Structure formats: structure tokens, C-alpha cells
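First to last, the protein sequences are chains A and B.
Our numbering applies: residue 1 is where the first sequence begins, and numbers increase by one.
Our numbering applies: residue 1 is where the second sequence begins, and numbers increase by one.
A hint or two may mislead.
[Unchecked claim] Derived pair list, reagent style DSSO-like, types lysine-lysine, alpha-carbon separation capped at 30 Å:
#: 1; chain 1: A; residue 1: K131; chain 2: B; residue 2: K125
#: 2; chain 1: A; residue 1: K397; chain 2: B; residue 2: K93
#: 3; chain 1: A; residue 1: K51; chain 2: B; residue 2: K155
These are computed hints drawn from the structure, not numbers from a lab.
These numbers were taken from a predicted model, which means no experiment stands behind them.
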Amino acid sequence: MPGHIRKLAGACAVAMVLGALPARAASSIDVQIDRLTHQVDRLEGARAVRKLQRAFGYYVDRGLWDEAADLFADDGTVEIGQDGVYVGKARIREYLQRLGGGRPGLAYGQLNEHLQLQPKVDISEDGLTAKARWRDLAMLGQFGKSAAWGDGIYENAYVKDRGVWKIRSLHLYVNFVAPYEKGWARLEPAAADWRSDAARAFPPDRPPTERYRPFPEVQVPPFHYANPVTGPGAAVRAPHSGDPRLAPYERRVELLMDQDAIQNLQAAYGYYFDKSMWKEVAGLFAKDATFEYGQRGVYVGPDHIRKALLLFGKEGPEPHKLNNYMQLQPVIHVAPDGRTAKARWRSVVQRSRPNQNGEWGEGTYENEYVKENGVWKISRLHFYVTGFTDYDLGWTKSAIPMQGQSAVIPPDRPPTEVYRSYPGVYIPPFDYAHPVTGQPMDIPEPADSVLGRK
Amino acid sequence: MKALLALALAAAAAAGPAAAQESVEARLKALDARITRLEDANQVERVQRTYGYFVDKAQWTKLSELFSKDATLEIGGRGVFVGRDRVLEYMHKAFGPDGIKEGLIINHMQFQPIADIDPDGLHAKQRMRAFVMSNGGWGIPLYENEYVKEDGVWKISRLRGPFTMYTSWEGWAKSVIPNTRPDSFLPPPDLPPTTVYLTYPSYYIVPFHYPNPVTGKPWVPRTMEAGAYAAPGVTAVDALEKAGR
Chain A
1 MPGHIRKLAG ACAVAMVLGA LPARAASSID VQIDRLTHQV DRLEGARAVR
51 KLQRAFGYYV DRGLWDEAAD LFADDGTVEI GQDGVYVGKA RIREYLQRLG
101 GGRPGLAYGQ LNEHLQLQPK VDISEDGLTA KARWRDLAML GQFGKSAAWG
151 DGIYENAYVK DRGVWKIRSL HLYVNFVAPY EKGWARLEPA AADWRSDAAR
201 AFPPDRPPTE RYRPFPEVQV PPFHYANPVT GPGAAVRAPH SGDPRLAPYE
251 RRVELLMDQD AIQNLQAAYG YYFDKSMWKE VAGLFAKDAT FEYGQRGVYV
301 GPDHIRKALL LFGKEGPEPH KLNNYMQLQP VIHVAPDGRT AKARWRSVVQ
351 RSRPNQNGEW GEGTYENEYV KENGVWKISR LHFYVTGFTD YDLGWTKSAI
401 PMQGQSAVIP PDRPPTEVYR SYPGVYIPPF DYAHPVTGQP MDIPEPADSV
451 LGRK
Chain B
1 MKALLALALA AAAAAGPAAA QESVEARLKA LDARITRLED ANQVERVQRT
51 YGYFVDKAQW TKLSELFSKD ATLEIGGRGV FVGRDRVLEY MHKAFGPDGI
101 KEGLIINHMQ FQPIADIDPD GLHAKQRMRA FVMSNGGWGI PLYENEYVKE
151 DGVWKISRLR GPFTMYTSWE GWAKSVIPNT RPDSFLPPPD LPPTTVYLTY
201 PSYYIVPFHY PNPVTGKPWV PRTMEAGAYA APGVTAVDAL EKAGR
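Build out the structure end to end from the sequences listed, making use of the hints.
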């Protein structure tokens, strides 16, 4: 080839290569978009994990064992109670079916509801794995024969496998399965070997990961996370590029991260509260935070809050003490400046104390949160008691009144509002406007014949 | 030769920023869609949870305002009520005026949402459950609802809440409260029930709006009759499929 043509060909080749090179390799805004996209990946991951676990529950509810087992990674595991570890989808499927009655679907008259509640989901920094703590509230039974409530805590792991999120390990720490008649308060300690019949007939691949005993004995399922406030942890921050083209997206991503962080924070509150871990509970509050429960008045600051928690019993779990305050149904609104937030939650309460009968309760939270140095903390916890009732007697026969202000550990301020719990009625004011009309809720309080409210 | 190379380099450089600009816009547009979908899913969850908070305190007017104008409501076996005005009429006639009365607990607690936004970004579906704690006992309805985004505002367009089980305080071993019917109480519906199904002690598999999250296999609705079989649901369908029907 003549020299000048060779050089021309070379120049053209260089031009073609230069033209084909992604110009963005040199562009810093593309790198910034990559960083922001990565946080969106992680937000979608958290949502995918919540969907996976909830879908698991809905399949198990109807005996769809194939569909439930399909949610697991190929090397996935299931461990429930002291039954041991089942490895791989085929074994998981067989075990779930045996546990659920031994047939595809349910039997006539069978109830097998496993409500999947109170997620605290943590996605890894690289966005490829996750861990989550959940609560399992179970309604089990066979019409004409038996009915039972179940309570347990999941510590699960998830993995993103070639773009698809799957359950890596499901570990349900069974707290109790209590007969509907008499309930958890009159449970006797379990037998030494409290494996299920399914596990006896169909032994696991590995023995249980750890030994523990069900309620009424003490168990605290290990936490996959440190205290979200007092423990070491990453600040909740979206990338901040300084580029005005990216700023609106970065703000929106951070608000979404804030929303998830607050859901996690309140779930963590509940899991500590369940086990009377008052030091950990108090650690979730900001410096001038307030705590108000029912008509006990307002406690100000983490030190005084920690003292006030003793009104719920001594620090730490004890046998025959059940203190489940489930953290449910959140409606979270983060302020546009991302510094504060408000949320309405509710709690279904399962309680018992040694030598006392069990109680059901329910209430509404109207809470406030503050973000300090990238860490969300509770600035106001306000629990409005709807009512408490004796486990056996139920609402038509038993209304347990709220306690008033303690003389032993008095509050800093009287109650913000005076109201009665059941049989009285009260509508805890909404912190947010109507989601459709945008109008303030402004709901008038119902009449109360005792308080004289019209 | 050097001139040719210089020309080639200049051409590549000129093409560079223009290509990057388009690329950035396209990337941001795609990111915006993903962020919007996350925001929308959060809002659809808020709307349904607010529905529950309104039911708890008998706030029927505010509850009806969560619905789009042509929305439908179908709870239990009562049949279908068409339009927001009829939703409000259903609530008021069946349950009385707004406001919870002393001595009543009617908690319809909203749990376990699976919300999926349609690709058009204007419609959504959500599977959710209610956990009812009331003076009357316990209940577990299940929802497969639809939502519409009108002028940027998410509303309920279809509320469909078939019951799984209702029972008194005696508990579900001893006591069953059967499903409601179109004639259970006033007002009568606009349309008959979309599906006839039985509640506990039988069961019905409420069709899933989503495919299996891992395998992607879409849910095939079971077309079994609403009967009280010894082992209904999956087994009955398997038998029918094996018989080639």
C-alpha cells in the first residue's frame, strides 16, 4: 500500500475509534449519574426485598408451596424454630408442604395465615445483598378442632442474582404458637424437644443454627444490625454533585432514602421495646425528644425517657413477660428540606406479665423525627391508646383503663390531650393532609359522655 | 497527513460534547422514571393505609374522597358499587353517619402491601391485607386493588376486598361468620359479585396481580367452582388439568 494511503487509512482508523469511544468516559457528570443511579438501584432493591417477603407470606397462606419455594436462591435455606436447616429449593418445598399440612393447597377448614410485618430492611453498600428483620403474626388452625396464634421474628438474608432478588436464607425464630383458648399467658414451658412433626418425619440437612426456647422462656433473636442511632452506621445521604442538572434528582433520591430510614428506625424501636431493652430504646431519641404514652404525661430527653420506660417493667426480658408492641401501617412524610419528618403508625399489642392474664391492645402513634448529621432520630413519640382488653373476655366484656401520671416517676408535663381509651373513643389528630383533596383533616372529636365532650 | 489527522481529531471532538449532552438527558430521563415509580409506589401505600385509618374512626366522607369518580367498591360478597357517590352511600347507609361511637372498636388495619406501578405510570395495582379487630371478633379480608393517577394525584379506582375469614371472640376453631351477600344489608349493589367464592372454612385463592417475583411466571387464576371441597384449590385444579379440561 502506498505510504500516503497507509497514513490516510491510519488517520481514518484513529478518527473512527475516537468517534466511537463513549465521550462520557471522560465526563464527570456521567460519573455522578452513575453514583445516583446506584442509590436508585439500592432503593429498588429494598422495595424488591419487601415484595419478596410479603409474596412468600401470601403464597404460604394458600398452600402454594411451589411458588413459595421458587422465591429462594438455588442454595437457599429455611430454618424454623428448632427444626434445623433445609437447603435448596426441592428440600424447602417439601418441608414447607409438610409443615403446612402435607398436601398442595390447604385442607378444608384449615387456616394457615402468616402475616409478614414490620420490616427493617438493610441493603448492602454494593446493592447486591440484603438483610431484614420481620415479624410473623400467625393465625393457624383447623375448623372444629383447633385454633392458635403464632408469634415469631425472622432474620432473613437476600441476594440479587443476575439482576433478580431472591431469598437467600429464611430464619424464623418461633416465639410461641399458643392455643386460641387461654392464649400465651397460660402457656407451659415447651418440651425439651419442641421440633415440629414435619421435622421429625423429614429431618433437616443441618442441625439448628442456635438453640433457644420458646415463650414463656426468654429468647431474643439476634439482630443483624447495630442500634440505628447509637451504633456505627452510614449517614443517610444521596450523592451531592453540585451540578444543577442533578440537584433535583439527588434531592428526590435522598427523600426516598429518608423514608426507608425512618421505616427502619421505627421498626427497630418496636423490636427493642418488645424485649424491654430500654437502653437501646432510649438511644433512638434525639437530645430534647419527648415520649408520651396514653395519659401518663410527657417525658423530655433521653435520660428521663429511659427512666420512664421502667414504668413498663424492669430492663430486659423476663420469663412469662410478653411485651409485643408491633409497629405497623406507617404513613411517613419527610419535610421537603429533608431535616424533619412525621409519621402515623399503629400498634397491635400482645401483653402478659408473670401470674397475670394476657391482654390485647391497640393504639396510634403520631411521631416526629429529626435528622442530625445524616442520622434519623425520634424527636417525638406520642402513643395514643385506643384500648386494652383481657385476652379471654374480649372487648364486649373487658375494657382495661389507661394508667394516669406516675407519682414514682413523674412526667415533665401533663398529657397533651386528655381522652379516654375504650370504651371511650378518640381520633388522634392526623399530622398530614388528605392524600387526595389536599385539605387538612380537621376531624371533630366524637362525643364522650364521661369527659363531657359533645 | 498531519492535517488529515488533525481534521479527524477535530471531528471526533466536535461530535463528543453533543453526544454526551444527549446521553446525559436520556440518562436523566430514565432515572426520573425510576425515581417517580418509587415515589408513586410509596404514595399508593399511603393512600391505602389512610383508607384504613379512616375506616377505624368511621370517617366515610373523607374515605370516599380517596376514590376516583368512577371507582368501584366490592367488599366481601356484597356485590359491586359503582362510582364514588355510591361508595359514600354504601358506607353511610350500612354504617351510619361519620364518626366513631363510644363503645365501638372497628379497626381495619392495613398490612403487607405489594404495590406495582403500571408501565404507563398512571395506573397501579396493590395486593394488601386487612386485619380486623372489633367488638364482634376478628376478620381477615384480602385486597387486590387498583389505583389511578389523575392530575398527579393517586386515587383508589377499584377496591376489591374478598374475605378470607371472619370469626367471633370465640375463635376460628369454634365460630365462623359466613361471607356477606348482596342482600345482607342495605343498600343493594349496582352489580352482582364479580366472583362467587366461599370463605373459611373453605378458601379461595384471590388472583395475584403480579407474576412470581423470581420466576416471572404469571398467575393463572384457578377456575374451580366455589364449593366446599375436602381439599379445594390447588388439588381440584390439578385434577381438572390432568383430566384435560
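Status of each hint after checking the structure:
1. With a C-alpha separation of about 26 Å, the suggested pair K131 (chain A) and K125 (chain B) falls inside the 30 Å cut-off, and the hint holds.
2. For the hint linking K397 (chain A) to K93 (chain B), the alpha-carbon distance of about 28 Å falls within 30 Å, and the restraint holds.
3. About 21 Å separates the Cα atoms of K51 (chain A) and K155 (chain B), which keeps this hinted pair within 30 Å; it holds.
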